[in-house]
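*Asks:* Quick note, the sequences are listed as chains U and V, same order.
As numbered in the numbering used here, residues 1 to 111 make up the first sequence, in order.
As numbered in the numbering used here, residues 1001 to 1115 make up the second sequence, in order.
These aren't lab readings, by the way, just hints derived from the structure by calculation.
A few of these clues could be false.
[To be verified] Below, in silico cross-link-like pairs of lysine-lysine (BS3-like), each with a Cα-Cα straight-line distance of 27 Å or less:
id : chain 1 : residue 1 : chain 2 : residue 2
1  : U       : Lys-36    : U       : Lys-98
2  : U       : Lys-36    : U       : Lys-70
3  : U       : Lys-98    : V       : Lys-1024
4  : U       : Lys-70    : U       : Lys-51
5  : U       : Lys-98    : U       : Lys-51
6  : U       : Lys-36    : U       : Lys-51
7  : V       : Lys-1078  : V       : Lys-1068
8  : U       : Lys-98    : V       : Lys-1078
9  : U       : Lys-70    : U       : Lys-56
10 : U       : Lys-98    : V       : Lys-1068
11 : U       : Lys-36    : V       : Lys-1024
12 : U       : Lys-56    : U       : Lys-36
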Amino acid sequence: GQQVMQIPQYQHVQEGEDFTTYCNSSTTLSNIQWYKQRPGGHPVFLIQLVKSGEVKKQKRLTFQFGEAKKNSSLHITATQTTDVGTYFCAGLGGATNKLIFGTGTLLAVQP
Amino acid sequence: DAGVIQSPRHEVTEMGQEVTLRCKPISGHNSLFWYRQTMMRGLELLIYFNNNVPIDDSGMPEDRFSAKMPNASFSTLKIQPSEPRDSAVYFCASRQTGTSTGELFFGEGSRLTVL
């Protein structure tokens, strides 16, 4: 079945450093979404990418969808303590309409 | 808008007992999803419904798990009998298909502990 992997599993950075998480799907995706889950919270939607090679920015966050639509990345510039949480990509692909979540990357930011 | 509402927020039960988790999706949303989250397995899709009809239940672990959606505003996930390995956070999420983003709106989750 469809699998979505993320690396790294965990990243610890100093406040102000940059952070990147990578998402790879075993199958071609029709679109990809990114979610953030704060500790003890629930996943919250950040953005959706649809087009091959698409790049979108939200303030310090940059999202990219690969040309082959099988991978994606999220880059945070100059992390802040409010960025702490687990970042999930979620891919929509295949004949079904189900969203498969990646394994997630837990970001810890030290002030 | 109240968002997706789940109950109970926490449940502690003993092995063998029946557990029922409840979800009220956002009004107007026509797709509903049940996910399970554990440290070991991450966020797993258990089942999803479109217009109250189960579309894909391939993620349901075994026959002990069942889900229903009797109407557009209510869904249940039942585990009978429960086992310690069912301990997890169960999330319900809903969305309106056909929108530009198709984002999922998650509830706060039901944290289940089976002793």
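*Asks:* Taking the hints in turn, state whether each one holds.
*Replies:* Do the hints match the structure? See the list:
1. U:Lys-36 with U:Lys-98: It holds: about 19 Å lies between the C-alpha atoms, which stays within 27 Å.
2. U:Lys-36 with U:Lys-70: holds (20 Å)
3. U:Lys-98 with V:Lys-1024: holds (19 Å)
4. U:Lys-70 with U:Lys-51: holds (11 Å)
5. U:Lys-98 with U:Lys-51: holds (19 Å)
6. U:Lys-36 with U:Lys-51: holds (21 Å)
7. V:Lys-1078 with V:Lys-1068: holds (9 Å)
8. U:Lys-98 with V:Lys-1078: The given pair, whose Cα atoms are some 21 Å apart, holds under the 27 Å limit.
9. U:Lys-70 with U:Lys-56: It holds: about 17 Å lies between the C-alpha atoms, which stays within 27 Å.
10. U:Lys-98 with V:Lys-1068: With Cα atoms ~18 Å apart, U:Lys-98 and V:Lys-1068 stay inside 27 Å; holds.
11. U:Lys-36 with V:Lys-1024: Holds - the C-alpha atoms of V:Lys-1024 and U:Lys-36 are around 22 Å apart, at most 27 Å.
12. U:Lys-56 with U:Lys-36: holds (16 Å)
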